[in-house]
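Chemist: Please work from the sequences and hints to get the whole structure.
2 protein chains.
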Amino acid sequence: MSGKKKFTIGIEFGNETVTALLVNVSNGNCINAATYHYTHGIITEKLPETDVKLDPGWALHHPRDYITALKRTVPQLLKGNPVDADQIIGIGISFADSTLIPTTSDGTPLALLEDYKDNPNAWPKAGRHTAAKDKANQITQLAAERFETFLDRYGGQINAEWFFPKVWETYEESSSIYHAADRLIEGCDWVTWQLTGVESRSIAAAGYKALWSKTEGFPLETFFGSMAPDLANVIDDKMLREIAPLGQQVGELTEEAARWMKLPPGIPVTTGTLNNQAAVPATGVVEPGNMAILLGTRFVHLILSDKEHRIPGMVGMVEDGIVPGHIGYEAGQASGGNHFAWFIQNAVPEQYAREARRKKQSIFNWMERKAAALEPAESGLIALDWWNGNRSILVDEDLSGLILGYDLQTKPEEIYRAILEATAYGTRKIIETFIASGVPINEIILTGGAPMQNQLLLNILANVTGMEIKVANCPHSSSMGAAMYAAVAAGEARGGYASIEEASRNMAHLMPKTFLPNNNDKKVYNRLYSEYTLLHDYFGYGYNDAMKRLKNLRAGILEKKQR
Amino acid sequence: MSGKKKFTIGIEFGNETVTALLVNVSNGNCINAATYHYTHGIITEKLPETDVKLDPGWALHHPRDYITALKRTVPQLLKGNPVDADQIIGIGISFADSTLIPTTSDGTPLALLEDYKDNPNAWPKAGRHTAAKDKANQITQLAAERFETFLDRYGGQINAEWFFPKVWETYEESSSIYHAADRLIEGCDWVTWQLTGVESRSIAAAGYKALWSKTEGFPLETFFGSMAPDLANVIDDKMLREIAPLGQQVGELTEEAARWMKLPPGIPVTTGTLNNQAAVPATGVVEPGNMAILLGTRFVHLILSDKEHRIPGMVGMVEDGIVPGHIGYEAGQASGGNHFAWFIQNAVPEQYAREARRKKQSIFNWMERKAAALEPAESGLIALDWWNGNRSILVDEDLSGLILGYDLQTKPEEIYRAILEATAYGTRKIIETFIASGVPINEIILTGGAPMQNQLLLNILANVTGMEIKVANCPHSSSMGAAMYAAVAAGEARGGYASIEEASRNMAHLMPKTFLPNNNDKKVYNRLYSEYTLLHDYFGYGYNDAMKRLKNLRAGILEKKQR
Chain A
1 MSGKKKFTIG
11 IEFGNETVTA
21 LLVNVSNGNC
31 INAATYHYTH
41 GIITEKLPET
51 DVKLDPGWAL
61 HHPRDYITAL
71 KRTVPQLLKG
81 NPVDADQIIG
91 IGISFADSTL
101 IPTTSDGTPL
111 ALLEDYKDNP
121 NAWPKAGRHT
131 AAKDKANQIT
141 QLAAERFETF
151 LDRYGGQINA
161 EWFFPKVWET
171 YEESSSIYHA
181 ADRLIEGCDW
191 VTWQLTGVES
201 RSIAAAGYKA
211 LWSKTEGFPL
221 ETFFGSMAPD
231 LANVIDDKML
241 REIAPLGQQV
251 GELTEEAARW
261 MKLPPGIPVT
271 TGTLNNQAAV
281 PATGVVEPGN
291 MAILLGTRFV
301 HLILSDKEHR
311 IPGMVGMVED
321 GIVPGHIGYE
331 AGQASGGNHF
341 AWFIQNAVPE
351 QYAREARRKK
361 QSIFNWMERK
371 AAALEPAESG
381 LIALDWWNGN
391 RSILVDEDLS
401 GLILGYDLQT
411 KPEEIYRAIL
421 EATAYGTRKI
431 IETFIASGVP
441 INEIILTGGA
451 PMQNQLLLNI
461 LANVTGMEIK
471 VANCPHSSSM
481 GAAMYAAVAA
491 GEARGGYASI
501 EEASRNMAHL
511 MPKTFLPNNN
521 DKKVYNRLYS
531 EYTLLHDYFG
541 YGYNDAMKRL
551 KNLRAGILEK
561 KQR
Chain B
1 MSGKKKFTIG
11 IEFGNETVTA
21 LLVNVSNGNC
31 INAATYHYTH
41 GIITEKLPET
51 DVKLDPGWAL
61 HHPRDYITAL
71 KRTVPQLLKG
81 NPVDADQIIG
91 IGISFADSTL
101 IPTTSDGTPL
111 ALLEDYKDNP
121 NAWPKAGRHT
131 AAKDKANQIT
141 QLAAERFETF
151 LDRYGGQINA
161 EWFFPKVWET
171 YEESSSIYHA
181 ADRLIEGCDW
191 VTWQLTGVES
201 RSIAAAGYKA
211 LWSKTEGFPL
221 ETFFGSMAPD
231 LANVIDDKML
241 REIAPLGQQV
251 GELTEEAARW
261 MKLPPGIPVT
271 TGTLNNQAAV
281 PATGVVEPGN
291 MAILLGTRFV
301 HLILSDKEHR
311 IPGMVGMVED
321 GIVPGHIGYE
331 AGQASGGNHF
341 AWFIQNAVPE
351 QYAREARRKK
361 QSIFNWMERK
371 AAALEPAESG
381 LIALDWWNGN
391 RSILVDEDLS
401 GLILGYDLQT
411 KPEEIYRAIL
421 EATAYGTRKI
431 IETFIASGVP
441 INEIILTGGA
451 PMQNQLLLNI
461 LANVTGMEIK
471 VANCPHSSSM
481 GAAMYAAVAA
491 GEARGGYASI
501 EEASRNMAHL
511 MPKTFLPNNN
521 DKKVYNRLYS
531 EYTLLHDYFG
541 YGYNDAMKRL
551 KNLRAGILEK
561 KQR
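Those protein sequence lines, which keep their order, are chains A and B. At the far end of the first sequence sits residue 563, using the numbering used here, and the numbering has no gaps. At the far end of the second sequence sits residue 563, using the numbering used here, and the numbering has no gaps.
It cannot be assumed that every hint is accurate.
Since the list gives no way to pick one copy over another, a pair counts as held whenever it fits inside one copy or between any two copies.
[Claimed, not checked] Lysine-lysine pairs mimicking DSSO-like chemistry, simulated, CA-CA at most 30 Å apart:
(1) K551 x K522
(2) K548 x K370
(3) K513 x K5
(4) K53 x K133
(5) K370 x K522
(6) K548 x K523
(7) K307 x K238
(8) K46 x K523
(9) K133 x K561
(10) K71 x K359
(11) K548 x K5
(12) K523 x K560
(13) K370 x K561
(14) K411 x K359
(15) K548 x K411
(16) K522 x K548
(17) K560 x K53
(18) K370 x K411
(19) K411 x K551
(20) K523 x K551
(21) K560 x K548
Calculated from the structure, these hints are not laboratory results.
Modeler: So this is what it looks like as structure tokens:
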């Protein structure tokens, strides 16, 4: 081991962009970051270079963009930095969940083959692809009928965006693609395969998105056979049964992949993981008791525990899925940044937009400033944050949003604040449910995207939860986490770490500024939260199913209108 | 009686404007209309020509503006029209309820006297003056404690805008003004006094706003004495006990008043009335079975019946109060045009405002057009129309607005349509309550202000109520109604009519276009109305008092903030 500083590279593949990060292994300092927007973006209208239109809910990637991403980002990281390529001791990949790529036996995506390129099912189905909703519901129903034990690990409901709904959709819509695909592979595993020439199966992707668990493995052939007889052997036919732990070395960088990235070959590449899970060690959460919350389009809550608990509405629980030796729980709020953006786009009057321009502020900032001038409860409003349904803890996507308390004096900033507050109440509901289920939460560390800029939101979160809110220092938590796993794969001998705990303790940093609840606001929010709970339970537990009836009625009207 | 055509003049005194109408008595044709904006407007900030500031909720008029109104409007009516002054056979006045004017014994407003002009209580308190809210609540409470029978005639609650809350407020805030006032007089009665030199007491004002009824008269001295001993004799000390029926001649135009209006003296002037009640004969409603609805800032519902019913949440019931021989019921929705205006001002995004300008449309029209393109139930939204509390049928001003069913696709026009629909559900709730209480309603005739322009609203009203909606032809219904009562006062001998029924049958006209429900929309709205009812009852009848608790909490926060 040379005395020179050591670095790892973490690469996060999102739904629309890829971000690569060069990180100093000893202290976690970000040396450089590079971002690439997929050349073909997220494909929702029609297949590239064809006239093949896509149905609503479809969201695909161009597989060539994944390689382009490597070529465009990694070489940027080293430019102008006094880092020699031989100081790079590891590479880690994280990927938006769950991305299904059908390939030939050598990993070539079917979408790149002349025979299949006109078939949407041959293309990588991105995380955001929701068209397999029916299939997800059918899997949930089949599993419930068969008393499959895995269902409990996913809060009782399989999501349209996960792996097997997409597989089943592919089979049902186009069995020729299903049969032509030698491999059905997750995005993160496909990239590590391209980098190393070695196929692997990430524990995070398998556990959180593909029904696998350490104690029970994959569902039985009879279960898959109940979906369709041809699918009975889907595991043995199309994927690895052997599951790769996080922080393990999958292989070394091949000559070809090294050329793409202008790196020397032979660099260790670690098991791929998912963006949400990768972010956890980057927030410093590597032990039970602390919750990492990712504030993005949606909110994701991740927490470790030594014990297995059945927690109402959780999105998933995977032993070793984040930190080996612990069970990693995931919960989620379906409405987060998407909800705030809805308000900004649909409910800010012209006068406010003009004021924002005059003050040279974004509308987001201007609305935040106006809302921040209000006291808790001053708006007289309370909202249910179910614009995109409710994942945790109700697991009911047919719920919808509600605002109560309008009067003729109600101002837009009051509505905006009520929406921010509602998501904080939703977060508190999840935290309380974890605690009540036996998973203690002593500290909250936030990371994520656009909503992290909203200081008012972070303040409200502190006062609504009554807990100190800490914030991860690195804005690219997923690629930072991937870089940490890469340091573990490199191992102590090469200047890395023996465990992800050790990597996180050395490389993760928090912002010096934290958000502390104050007693007055906390008290007022306790009262408002009890109002939220009353409405949450009334509309959430079926006392008044107006939300579902209205959605049904609307669905009927829209169907009639289309005819 | 000469063979020349006969005309009457109706003059409507609103909160901010006065409109005079010259009407052909034989067919109700409007010959001319003239409008005057009060020179001093509605006075809410400070007394004219002083530094005396007004508290929130205060709304005064300058008494000189009333006379200016006569001078500015009536002479305009005759200009350029081939109508000789001697063809005018009557004058009628209607006034915004309830306007309290303290005067000397000759009718001089105290506000015009040097000694009193700096005291806000000396000034005419306009209909919109709401500062006496506490007094109204105390009157309600006193009446309930004393089992006063009048309370039932007002839906169980006395309103801050009515006559005696304003009187009591005057006494309590400034007993010197109370004692200095020889007369406490309603706006409509003050104007007829100025026109004729004769003081009278309108049955409409006394009945709907001053606790009087034909069978019971005014409340007893002991009741007024329970408010304050000095007030025991308020009726005998300050006003007439004798009540003037509608359509009766109060007196003839004096020389002075004739000079103000450039009319010959001697023209009969009829008993004053209130704007809402005056509008009824102008819609053709002079018999039981038809409901007139005035769509203004708020909605007002007026209906005649031969029987006395206690109708939940009604605003008032007065025998002979609209058409002699019938009981005139009034109900109301506190949120109407004010609610739509709230939306337009606070919730229309910049992009929509720009589109409206590009299309050279008002934002109101543009939003209506976009909302009209939707089917019922397509928005997936349902609202409770309680932005300004609920008058009929819940009589609860501490209720507030609610919208349920938001998702990330919800568009502004969907919210707007949900708000229009909610007011229609509120109207249906009132209609059903009247019918269930024994007052049949076979037909609806609309009149009113800005909301009448909204064809979508009228369409929704037809489909939600399931009834044909007719529309009064004359846009100035109150002054038209006043002109009809004037024709009755003139009498058949002078070319007028024997009764208001006869006047209305000859002079009231409906628009040829009516709004018919269609079966499909009606069915869908039946289902949506059942959702409205479920929410209405849950939040309206105390199953969940969130709205009140939130208002209380806000009041506490605002109080603390002001300290």
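Chemist: Would you mind marking each hint as holding or not holding in the structure?
Modeler: Outcome of the hint check:
1. K551 x K522: between (35 Å within a copy, 18 Å between copies)
2. K548 x K370: Between copies, since 25 Å is at most 30 Å while 34 Å is not.
3. K513 x K5: For K513 and K5, only the intra-copy Cα distance (29 Å) is at most 30 Å; the inter-copy one is 85 Å.
4. K53 x K133: Within. Shortest intra-copy distance 19 Å satisfies the 30 Å Cα cut-off; inter-copy 63 Å does not.
5. K370 x K522: Answer is within; shortest intra-copy Cα gap is 21 Å, inter-copy 42 Å.
6. K548 x K523: Between. Shortest inter-copy distance 18 Å satisfies the 30 Å Cα cut-off; intra-copy 33 Å does not.
7. K307 x K238: neither (33 Å within a copy, 82 Å between copies)
8. K46 x K523: neither (52 Å within a copy, 39 Å between copies)
9. K133 x K561: Answer is within: at 22 Å inside a copy they meet the 30 Å cutoff, but 49 Å across does not.
10. K71 x K359: neither (41 Å within a copy, 48 Å between copies)
11. K548 x K5: Neither: 58 Å inside a copy, 64 Å across copies.
12. K523 x K560: between (50 Å within a copy, 15 Å between copies)
13. K370 x K561: Cα proximity of K370 and K561: across copies only (16 Å, versus 41 Å in one copy).
14. K411 x K359: both (19 Å within a copy, 27 Å between copies)
15. K548 x K411: both (29 Å within a copy, 19 Å between copies)
16. K522 x K548: Only across copies: K522 and K548 sit 21 Å apart there, 33 Å inside one copy, limit 30 Å.
17. K560 x K53: within (23 Å within a copy, 60 Å between copies)
18. K370 x K411: The answer is both: 10 Å in one copy and 23 Å across copies each meet 30 Å.
19. K411 x K551: Close inside one copy (28 Å) and across copies (15 Å); limit 30 Å.
20. K523 x K551: Between copies, since 17 Å is at most 30 Å while 36 Å is not.
21. K560 x K548: within (18 Å within a copy, 41 Å between copies)
In this structure, the hints that do not hold are numbers 7, 8, 10 and 11, in rising order.
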